[in-house]
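Enquirer: The primary structure of each chain is shown beneath.
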Amino acid sequence: MTKPISVASKTKQIVKKHGNSKSAMIAVLQDIQEAFNYLPKEALKTAAKAMNVPMSRVYEAATFYTAFSLKPRGKHIVKICKGTACHVRGASILQDRFETTLGIKPGQTTTDGKFSLETVNCVGACALGPVVVIDTDYHGQLTVNKVDKIIKKINEEGA
Amino acid sequence: MVNMIIDGKDVSAKKDTMLLEAIRGAGIAVPTLCAHESISRSGACRLCVVEIKKGNRTRIVTSCLYGVEDGLIVNTQSPRVQNVRRLVMELLLARCPESDVLRKMAREMGVEPQARYAADQDKGKCILCRSCVRVCEEVVGVSAIGLFSRGSYKEVGTPYHEKSDVCIGCGACVYVCPTGHIEMLSTGDKRKIWGRTFKMQTCDKCGKHFAPVDQLKFISKKTGVPFKNLTTCTECR
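These protein sequence lines are chains A and D, in that order. In case it helps, my numbering puts the first sequence at residues 34 to 192. In case it helps, my numbering puts the second sequence at residues 1441 to 1677.
Think of the hints as simulated: they come from the structure by calculation, not from any bench. Be aware that one or more of the hints could be misleading.
[To be verified] Restricting the straight-line Cα-Cα distance to at most 30 angstroms, the calculated cross-link-like pairs of lysine-lysine (DSSO-like) are:
| no. | chain 1 | residue 1 | chain 2 | residue 2 |
| --- | --- | --- | --- | --- |
| 1 | A | K115 | D | K1632 |
| 2 | D | K1594 | A | K78 |
| 3 | D | K1563 | A | K104 |
| 4 | D | K1662 | A | K74 |
| 5 | D | K1661 | A | K49 |
| 6 | A | K182 | A | K104 |
| 7 | D | K1648 | A | K108 |
| 8 | A | K78 | D | K1630 |
| 9 | A | K43 | D | K1639 |
| 10 | D | K1661 | A | K74 |
| 11 | A | K74 | D | K1632 |
| 12 | D | K1648 | D | K1662 |
| 13 | D | K1603 | D | K1662 |
| 14 | D | K1563 | D | K1661 |
| 15 | D | K1639 | A | K78 |
| 16 | D | K1632 | A | K82 |
| 17 | A | K78 | D | K1563 |
| 18 | D | K1594 | A | K55 |
| 19 | D | K1594 | D | K1563 |
| 20 | A | K138 | D | K1632 |
| 21 | D | K1603 | A | K55 |
| 22 | D | K1661 | D | K1630 |
| 23 | D | K1648 | D | K1661 |
For reference, chain A alone in the conformation it holds in the complex (with noise of 0.2 angstroms):
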């Protein structure tokens, strides 16, 4: 395990990283939302202040893409993709699923942490429809059977 570092230093080292210019913002609010898995007050208002933009501009984009979360998010984040694709090959059956065997609703972070669920648009893969993105994996053509074999080898990495 690495030392953790506060929020504001971690926070000024990304901004630098990009030459504490305006225009990367998303850049830099991308990468502060992958160090710290969301996007948590005190890194913002670090972040407007080294970028040298009003806080009310990175609210802004903080708050427009729903790529960016301002809730602390589970360390696994479970896409389900809901797209009309994956829609008619049972997105919503899928979502049945891991919302039974993680106990919680999309947009919630189970209790140990460990998951959180969300449900997008549309991935871009839609010849493997129905699919699920946990983290930075695609899992094409999902069905039921497989959720918690998934779930199970995610909880066993992570132990």
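Start from chain A and add chain D according to the hints.
Expert: Frame of chain A; chain D shown alone:
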């Protein structure tokens, strides 16, 4: 100079100006909400639509954002324009049924609330024209407010709905808001806006509470004029 025909009249306008100014300069009324002289244009309210004709084709454009062009034939009252404008007004009215400004405007245009657009109950009088955000950024220069979230959740406010530490309580956003959405309460030596209470400065001469202390401090910092020179109201100065 640029020559155009507006509603059958020959009108000439200065180059690099907007159609809206040319139309109004010709004495023709065009309804607008978001066009304000002190802020940049955005074409947000879409009430200023007119029909333009170039060659054989006609188009509906927002006159506040469309630059004047030589030989343009403009119609501000065609059935197509009136249709679009009526629809825009119906939608605005459905979004902000509680706005007196909108209700009055609709009455003058002969527009009535439509049953097919369910009247909104929770959005207040905001039409999301961004005028307040613009004035705060462009004129005041503090950017204390913004439009957050998106789609039907979009709303104006301060980040995290918190009391803003950059707001100076000047009330420019209230002044520029076309529909009266933003609330500012001034009582005695206190002014309440965006959830924050500002202390008002008392005029050295007449004793009137004329401006928030934070605003005067901001002006002093910006212009380099000592704070004590600013504690007299504009009437006594």
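Enquirer: If a hint holds in the structure, say so; if it doesn't, say that too.
Expert: Each hint tested on the structure:
{"no.": "1", "hint": "K115(A) x K1632(D)", "result": "45 angstroms, violated"}
{"no.": "2", "hint": "K1594(D) x K78(A)", "result": "21 angstroms, holds"}
{"no.": "3", "hint": "K1563(D) x K104(A)", "result": "24 angstroms, holds"}
{"no.": "4", "hint": "K1662(D) x K74(A)", "result": "29 angstroms, holds"}
{"no.": "5", "hint": "K1661(D) x K49(A)", "result": "29 angstroms, holds"}
{"no.": "6", "hint": "K182(A) x K104(A)", "result": "28 angstroms, holds"}
{"no.": "7", "hint": "K1648(D) x K108(A)", "result": "58 angstroms, violated"}
{"no.": "8", "hint": "K78(A) x K1630(D)", "result": "28 angstroms, holds"}
{"no.": "9", "hint": "K43(A) x K1639(D)", "result": "37 angstroms, violated"}
{"no.": "10", "hint": "K1661(D) x K74(A)", "result": "28 angstroms, holds"}
{"no.": "11", "hint": "K74(A) x K1632(D)", "result": "25 angstroms, holds"}
{"no.": "12", "hint": "K1648(D) x K1662(D)", "result": "24 angstroms, holds"}
{"no.": "13", "hint": "K1603(D) x K1662(D)", "result": "22 angstroms, holds"}
{"no.": "14", "hint": "K1563(D) x K1661(D)", "result": "37 angstroms, violated"}
{"no.": "15", "hint": "K1639(D) x K78(A)", "result": "26 angstroms, holds"}
{"no.": "16", "hint": "K1632(D) x K82(A)", "result": "26 angstroms, holds"}
{"no.": "17", "hint": "K78(A) x K1563(D)", "result": "28 angstroms, holds"}
{"no.": "18", "hint": "K1594(D) x K55(A)", "result": "23 angstroms, holds"}
{"no.": "19", "hint": "K1594(D) x K1563(D)", "result": "9 angstroms, holds"}
{"no.": "20", "hint": "K138(A) x K1632(D)", "result": "39 angstroms, violated"}
{"no.": "21", "hint": "K1603(D) x K55(A)", "result": "24 angstroms, holds"}
{"no.": "22", "hint": "K1661(D) x K1630(D)", "result": "22 angstroms, holds"}
{"no.": "23", "hint": "K1648(D) x K1661(D)", "result": "23 angstroms, holds"}
Violated hints, in rising order: 1, 7, 9, 14, 20; the structure is consistent with all others.
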